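A.B. asks: We have chain A; now place chains B and C onto it with these hints.
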Amino acid sequence: MAAFGSLCLLLALALAAYNLLAGALALRLLATGQTARISPERLADTARRAGIAGFWAVTGAAFALVWSVFTNDFSITYILEHSNRALPIPYKFAALWSGQEGSLLLWAWLLGIYGFVLRLRHKTDVKLYAYAGTILAGVQVFFLLVLNFAAPPFSLLKGAIPDDGNGLNPLLQYPEMVIHPPLLYLGYVGFSVPFAFALGALMMRYPGEKWIRITRTWTMVTWLFLTCGIFLGMHWAYAVLGWGGYWGWDPVENASFMPWLTGTAFLHSVMMQERKGMMKSWNVWLIFSTFLLTLLGTLLTRAGLVSSVHAFAQSSIGNWFWVFMVIVVTVCIFTYVLQRSHLETEHQLESLVSRESSFLFNNLVLLTACFVILWGTLYPILSEFVEGSKVTVGAPFYNNVAVPIGLFLLFLTGVGPLLPWRATSLKAVKRNFVLPVVALWATVAVCLAAGANPWKGGTFSTGSFYALVGFSLAAAVLTAILSEFLRGAAVIMRQTGRNLFAALWLLVRRNTRRYGGYLVHIGVVVVVVGLCGAAFNRNTESELGLHSRMSVGPYTLECTGFTQDSNDNYDSDYAVLNVYKDGKKAFQITPEKRVYHASGQPQTMVTIHSTPEWDLYVVYEGTNPDTGQPIIKAFLNPLVGWIWFGLLIIVMGTAVALMPSLSPATAAVRVPLAQATPLTQAIKGGD
Amino acid sequence: MTETEGLIAGLFLLFALFVYTFWPENSFASQKEKTRLDFLLERKEQLYENLRDLNFEYRAGKYPEEDFKVQRAALEHETAQLLAEIDVLQG
Amino acid sequence: MPPATSEAVGRNQRRVGTRAGWSGRIRVAEALLLAVALCFSLGATDAGARFTNLGHRLMCTCGCAQLLGECNHVGCPESGRMRNELSAAIASGLSDQQILDGFAAKYGVTVLAAPPTTGFNLVAWIAPFAVFAAALLGTILLIRRWGGLRGRLRTAAAGEAAALDPVEQERIDRIRRETDSDGGL
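Protein chains in written order, with my numbering: chain A, 2 to 688; chain B, 1268 to 1358; chain C, 95 to 279.
Looking at chain A on its own, in the form it has when it is part of the complex (with noise of 0.2 Å):
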């Protein structure tokens, strides 16, 4: 099957390299008009359907690797090294990804899906279409070069064949690493399609925004996959690393998270751009370095620029990162130097206060919080560099800097929405504001009431007072939030007499981008009151002996016993614990350690009980030598599950944005307004 796969390898190599020079060659001739002995058009559409055929060659190769782990072929040094024969079957596949060289192929056969999707859908514009194609292979080409030459995932085994695989990593043996990864990669990867487009469109000389439109869903649908992807990451960290929190600012967990936020601040700017022409250099620098982060993301955690906890593989790829940056980067400025009066802005802010201003702000904070992480990021380097000492950058920096950030975006996710579009006057938008600014001061008096004051005691907290900030804005956000939705619903409730959830329903359909981000907008806020919970954790380390107890907050735990179990993959410990809440018996638990026989590799398994108020969350340690007894760690960590709760209305409210609106019925309305039909008719006329 190795040969299968390096064939196929090699076919994709060819076929996206095809793809590429005769697209280009196609592209020019039509550009200039000048004639050959191939009609362009056939010549692109060649260009075309190479880069369809391309992707089966890349399936052809994921499928080679995938099976030659099915059926243990420890020929393969990649299969020898990430899995073995007791692995279960789920995470044979989480092999594919487990190592560099996988990891590249799921890149390039993921990047094969979007492109093959993308190529089927040329009809939607062709010429554009065939822009981005032939930018996607160029950046397809580049990572197949790599897997044919610097990461060959069927590089054969020297000398004798082993029984049995060194297995995959057990921190890797988790439910979430079977899909955290593809999704995070889905996202990584599908950057690259709007990234496309933006250079695509840019190149031709795009007539209009329309290119924008149609990228949306591209956009919309990788950012989902992306956020997703960072949300498991950070759960899989949670559940799997047992430290009790979730994020570490870790390089890995920042090379994630920098293009979040740019792509983030490119779905909101170009909405500046397609209703009104603006900000359209800066889009497209947005979406150019997205891509480059991406990029960078890859270079910075592979080729070991910098160090991580879970920097599964590091080598030398590291240098192909490097050149095809540049080439990246040269083809980009290139490309803007020459194009640039294409441009030129339609119209400009009119005022302060509107909504064009605070997409403005959004965009500046989201950069800035992009700049801290790569500023942290990098800076170990500078140190080096500078003062001949490398220092640690590492979370007490980043929550002392990206905190407060973090919060003013918070504040205007409230704001933004309360603005309408174009100038107005502050007087006019002052009303607005005046709910989430009672509900702010009322959380805020709420919170002292309840004895939640940073101030106790004569020393300053610094997390309960972000605490503090977070939880009001967070009220005043949802208070602004819920106002324009109630807004909205009160004018379709008027014109139509529809009940309010009649009202509200229809106006989410009527305008589900909005409103599909206005729920987005109220996931994050979720979020962040769970974030928020992360500055009143606590935990306490115990020996637990047979019916010790030990207690943590409302929680008493009793050892009631420890058994041991083995099966193929692993032997594991488990203490028994019974868990008291108010003096009665509430659930049990069984925290576990497990040895994994094919690295010999420990690795605990943590319990979690979630409530809404709390999670309770019990490592099994080990065994204190000395005593032989168990030690127990137990921690209460406030309001966590709010976190991934707020995932699941960000999902959702992406999948309503997702959703077509109903469009308005024009043409339904060209009756003189006097005597309209009435609205439902209207409406369904538009459908």
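Since no wrong hints were added, every one of them can be taken at face value.
Selected chain A positions facing chain C (Cβ under 10 Å, derived; list incomplete):
| # | residue |
| --- | --- |
| 1 | L242 |
| 2 | S358 |
| 3 | F362 |
| 4 | N364 |
| 5 | L365 |
| 6 | V366 |
| 7 | G377 |
| 8 | V387 |
| 9 | E388 |
| 10 | G395 |
| 11 | N401 |
| 12 | P405 |
| 13 | F409 |
| 14 | R539 |
No lab work stands behind these hints, which were simulated from the structure alone.
All of these numbers come straight from a predicted model, not from anything done at the bench.
For every residue, glycine included, the Cβ atom is placed at its ideal position computed from N, Cα and C.
C.D. replies: Chains B and C only, in chain A's frame:
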């Protein structure tokens, strides 16, 4: 699957994809240039959308009367010029 | 506030919740309040809190790239010893800064989880805020400069209303017909 079988499968795939790519297809989509009229109609849709939105936000109480009138006049003026050009092009 | 008091606050909330009857929303509010109340009461400055605080400002040096206070991998060769050192340092009455300096002298600057706020490393802390301030200022100035447009727009619109030629007026009527009646929906 042995290596030989793998190679044969690979060669078969190579052949199939080669045929697919270079099959002399004549019904390929042609790259139409977007006309000025297409572009204007797109713009018109967007401006209509902006106007509808403006009306809606006004009704939702987000503009004072005076601001609304100024905004609407400006947008309508822009749209009217666009419509004029469309009328000319559509003959 | 000692934990006992906050528990009392929590129970209070719970009673209110049952009385009100619509348990769902109250429960959420209660969850928030209880958590907030409980948590804010934890800011004590005893040795345990100092240990947690300092443990989160130091790194484990085994190469795991985790904070000392959070390093948890089984059989870590460094973290246990370093934590004992930290406890001893706190017990001996040194100040936070002295302890951090001591660790930095012994293990190198990389043991500190964030760059120190002295010398060149101050740049690490200042740059983010400087960039933020500069960008904020730039954006505001940019909008202010564009802001002049608004007055012009207003006068232009006012002038136009006075003198519209009939063809344009007819077009505007058409636009209004096509966008106004369903625009509210």
